[in-house]
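Residue numbers (the UniProt record's numbering): 1 to 344.
For the record, the hints were derived by calculation from the structure and aren't laboratory data. Computed from a predicted model, the values in this text were never measured in an experiment. Heads up, some of the hints might be wrong.
Pair ranges (Cβ atoms, derived) [what the hints assert, rightly or not]:
#1 PHE141 x ALA256: 31 to 37 angstroms
#2 ALA313 x LYS58: 18 to 24 angstroms
#3 LYS135 x ASN299: 31 to 37 angstroms
#4 ARG333 x LYS185: 34 to 40 angstroms
#5 VAL147 x ASN276: 19 to 25 angstroms
#6 ALA298 x PRO203: 20 to 26 angstroms
Cut-off 30 angstroms, straight-line C-alpha distance, at most; resulting in silico cross-link-like pairs (DSSO-like, lysine-lysine) [said to hold, decoys possible]:
#7 LYS215 x LYS228
#8 LYS83 x LYS109
#9 LYS135 x LYS121
#10 LYS101 x LYS58
#11 LYS185 x LYS232
#12 LYS135 x LYS228
#13 LYS121 x LYS58
Backbone N, C-alpha and C fix where the C-beta goes; we use that ideal spot for every residue, glycine too.
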Amino acid sequence: MRKIIALLSSSTVLVSCSHNKLNTPSTVSEQVKLVSDQTVVTPPQEKLPAAHTISAEKVLQSDKYSEGIVFDRQGNFYFSQTKVGTITVVSPDGSSRIWAKVQGANGHKILPDGSHIVAAKNSVLQLDANGNTLKIIADRFNGKPLVYPNDISVDPQGGFYFTDSGDSNPQNPNGAVYYIDAAGKLNQVASGLAFANGIVLTPDRQRLFVSESNKNLVAVYNVLSPGKLGEKRVFALPVKQPGEIDNKPDGLCLDAAGNLYIAHYGTRHVEVLNSNGQLVRRYGSGNLTTSNCAFGGANLTSLFVTGGVETEAGQGGIFRLDLGVQGLDIRPRQPAITTTQKTY
């Protein structure tokens with residue numbers, strides 16, 4: 001176990017780890033909305049701080065590219081190092097340890113019973129509160145193996161959605177979205193996506209957002225019922241600027257006001273879209289290859305961002321943006337337990 005230099009809630013810390021009620025109106029355009037730095041808008045009664053007033057503070061540096069950040073109700077946060085297959089837990093006192101070893105660990109969420117679900121290599125796994133594998137929840141659909149499970153969003157009705165990125169060839173858009181219901185039944189709910197990536201369900205369970213990385217867009221689907229989606233609608237994101245190396249939307253999260261935060265891989269930014277799909281802020285993320293984001297800290301008013309400090313081949317970083325805006329609380333509602341765990 002290593003001791004981080006200072007508490008997460010107040011200052012920058014470093015560690016080397018050895019071992020990723022939104023009321024979106026029905027008037028969202030059916031057409032692609034092109035947005036750029038020149039079309040940033042200020043919504044009415046704006047509470048988001050101006051971009052120039054926010055500095056990304058480094059919380060942690062890891063040996064490898066970081067992903068899949070998630071917070072529990074006790075103030076611990078977990079993050080993945082996909083390339084080395086580890087999940088690290090960082091405690092509120094700043095101590096850290098390898099919590100689990102999961103090949104290809106990526107997106108990660110915590111269930112009310114205290115168990116964890118993790119997108120992993122060719123599968124989605126369920127782990128107990130101590131990081132021990134309980135079971136493989138899914139590794140194939142209709143007899144065909146999953147390719148690259150990437151990220152997860154929990155449905156409060158008992159199931160969850162996850163993305164399978166497919167391969168990275170833009171000419172072969174074989175990414176998909178799946179839903180696993182409370183009984184453990186797996187169903188494909190969207191397909192033909194060019195690298196399906198980040199995913200988030202709105203708290204009213206009416207809309208599902210999915211990053212389609214190789215098209216530089218975020219798709220939105222109306223949720224007709226749990227595990228049944230309407231047609232895909234899209235809006236685009238800014239193109240890369242000088243000093244940026246790519247423009248692929250990755251992880252997603254929401255704040256309590258319904259704004260959508262997008263970890264924009266290759267741009268060193270997190271974009272914020274309002275409920276109309278308009279770009280309202282571009283915050284510096286600290287990481288060039290920004291991968292994921294989640295609200296944490298006191299009152300969930302800080303945005304934590306994972307990724308690679310520079311290219312994905314180098315070291316990872318977790319940065320904190322003290323926005324003063326409350327994030328949507330997706331932490332499990334019940335205390336974690338370590339004995340009888342729910343299994344799918």
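Going through the numbered hints above, which ones does this structure break? Give me the numbers in ascending order. 4, 5
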